[in-house]
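Chains A and B supply the protein sequences, listed in that same order.
Take the first sequence: its letters are residues 1 to 166, numbered as in our numbering.
Take the second sequence: its letters are residues 1 to 103, numbered as in our numbering.
It cannot be assumed that every hint is accurate.
Each computed SDA-like pair below joins lysine to any residue, with the alpha-carbon atoms no more than 20 Å apart [to be verified]:
hint: 1; chain 1: B; residue 1: Lys99; chain 2: B; residue 2: Leu82
hint: 2; chain 1: B; residue 1: Lys99; chain 2: A; residue 2: Phe69
hint: 3; chain 1: B; residue 1: Lys91; chain 2: A; residue 2: Val68
hint: 4; chain 1: B; residue 1: Lys99; chain 2: A; residue 2: Val85
hint: 5; chain 1: B; residue 1: Lys91; chain 2: A; residue 2: Ile84
hint: 6; chain 1: B; residue 1: Lys91; chain 2: A; residue 2: Arg160
hint: 7; chain 1: B; residue 1: Lys91; chain 2: A; residue 2: Asn81
hint: 8; chain 1: B; residue 1: Lys91; chain 2: A; residue 2: Gly88
hint: 9; chain 1: B; residue 1: Lys91; chain 2: A; residue 2: Asp82
hint: 10; chain 1: B; residue 1: Lys91; chain 2: A; residue 2: Leu159
hint: 11; chain 1: B; residue 1: Lys91; chain 2: A; residue 2: Gly92
hint: 12; chain 1: B; residue 1: Lys102; chain 2: A; residue 2: Ala86
hint: 13; chain 1: B; residue 1: Lys99; chain 2: A; residue 2: Val68
hint: 14; chain 1: B; residue 1: Lys91; chain 2: A; residue 2: His24
hint: 15; chain 1: B; residue 1: Lys91; chain 2: A; residue 2: Leu73
hint: 16; chain 1: B; residue 1: Lys91; chain 2: B; residue 2: Ala74
hint: 17; chain 1: B; residue 1: Lys91; chain 2: A; residue 2: Ser80
hint: 18; chain 1: B; residue 1: Lys91; chain 2: A; residue 2: Val85
hint: 19; chain 1: B; residue 1: Lys102; chain 2: A; residue 2: Trp89
hint: 20; chain 1: B; residue 1: Lys99; chain 2: A; residue 2: Glu78
hint: 21; chain 1: B; residue 1: Lys99; chain 2: A; residue 2: Gly88
hint: 22; chain 1: B; residue 1: Lys99; chain 2: A; residue 2: Pro87
hint: 23; chain 1: B; residue 1: Lys91; chain 2: A; residue 2: Arg75
It should be emphasised that the hints constitute simulated quantities derived from the structure, not laboratory data.
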Amino acid sequence: MSPVFIILALVTFMAAAAAMTLRHLVHCALAMAVSFVGLAAIYLQLNAQFVGFAQVLVYVGAVAILIVFAILLTRSGEVSNDSIVAPGWVWGVGMAVVIFAVIGWAVLNSPGLPVEAAEAPEVTVRQIGNDLMTRYVVPLEVVGCLLTAALIGAVVIALRDREGEP
Amino acid sequence: MTPLQGCLLLSALLFAVGFAGAVSRRNAILALIGIELMLNAANLNFIAFWRYGEHGGGTGGLMFVVFAIAVAAAEAAVGLALIIALYRHLKTANLDEVKGLKG
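Given the sequences, and given the hints that come with them, work out the whole structure.
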């Protein structure tokens, strides 16, 4: 493991932990954005340039802004003195620890994982575009339909109610 | 520890953190952020296996991640619309105060 990967992994993990534990929700959203930038850097380091830039565009650009808007629209940005965790949170955290222990044990003891790193695959954006237009054209169309449906659905759900309705 | 194991461990860590946040924070938006973190952990697994797997060279792993990012974006948009509608009706974004269906 290279030192670069260790540094990026530490940044990503610390930002994710901060996003889940901070009290101020705007800080949480910004920490989440930092975590996504760290993940994008890891993708770049793993030779997946296209996915790295798509991650920056979609997650850091769109999803983070969307979440900040939602925080402001629901007035969750005001800090209150109430508890930030739901009742019964100990069970949730305990389950998370158990999940990590099981997956970590499996990763460290699995005999099937390749030991030697394979050669870095070279994939150009041109190749990705060709594959998207030939082999993966049906999933591409389905994702287009899904995004359209999600767009219309989100607008309909968030529409203001008519006068007189509760 | 091989680089592949490092990636998988980081992914497991991100998944656990996202899960803990999603089920234990009160605010609905924090639950959504936790879900996004879990989805990203899955994407990291795809990229790691694509990079270090034995059958590298194709674009299968990349394509899966690209489509997963698109689906996650749609999910975030619909989820946030739901949270805003919920806030408009109940004047709260706290999940433990939304108990209209509780038995």
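Taking the hints in turn, this is what the structure says about them:
1. Lys99/B with Leu82/B: holds, 15 Å
2. Lys99/B with Phe69/A: Judged against 20 Å, a Cα distance of about 25 Å means the pair is violated.
3. Lys91/B with Val68/A: Distance ~18 Å between Lys91/B and Val68/A Cα, so the pair holds.
4. Lys99/B with Val85/A: holds, 16 Å
5. Lys91/B with Ile84/A: Satisfied, since the Cα-Cα distance of roughly 17 Å is no more than 20 Å.
6. Lys91/B with Arg160/A: Status holds; Cα separation ~14 Å.
7. Lys91/B with Asn81/A: Roughly 18 Å between the alpha carbons, so the hint for Lys91/B and Asn81/A holds.
8. Lys91/B with Gly88/A: Not satisfied, since the Cα-Cα distance of roughly 23 Å exceeds 20 Å.
9. Lys91/B with Asp82/A: OK: Lys91/B and Asp82/A at ~16 Å, within 20 Å.
10. Lys91/B with Leu159/A: holds, 16 Å
11. Lys91/B with Gly92/A: It is violated: about 26 Å lies between the C-alpha atoms, which goes past 20 Å.
12. Lys102/B with Ala86/A: With a Cα-Cα distance of about 15 Å, the restraint between Lys102/B and Ala86/A holds, given a limit of 20 Å.
13. Lys99/B with Val68/A: violated, 25 Å
14. Lys91/B with His24/A: holds, 19 Å
15. Lys91/B with Leu73/A: holds, 11 Å
16. Lys91/B with Ala74/B: violated, 25 Å
17. Lys91/B with Ser80/A: Answer holds: Lys91/B to Ser80/A is near 15 Å, not above 20 Å.
18. Lys91/B with Val85/A: holds, 19 Å
19. Lys102/B with Trp89/A: Measuring from Cα to Cα gives roughly 18 Å; hence the hint holds.
20. Lys99/B with Glu78/A: violated, 23 Å
21. Lys99/B with Gly88/A: holds, 15 Å
22. Lys99/B with Pro87/A: Distance ~13 Å between Lys99/B and Pro87/A Cα, so the pair holds.
23. Lys91/B with Arg75/A: holds, 10 Å
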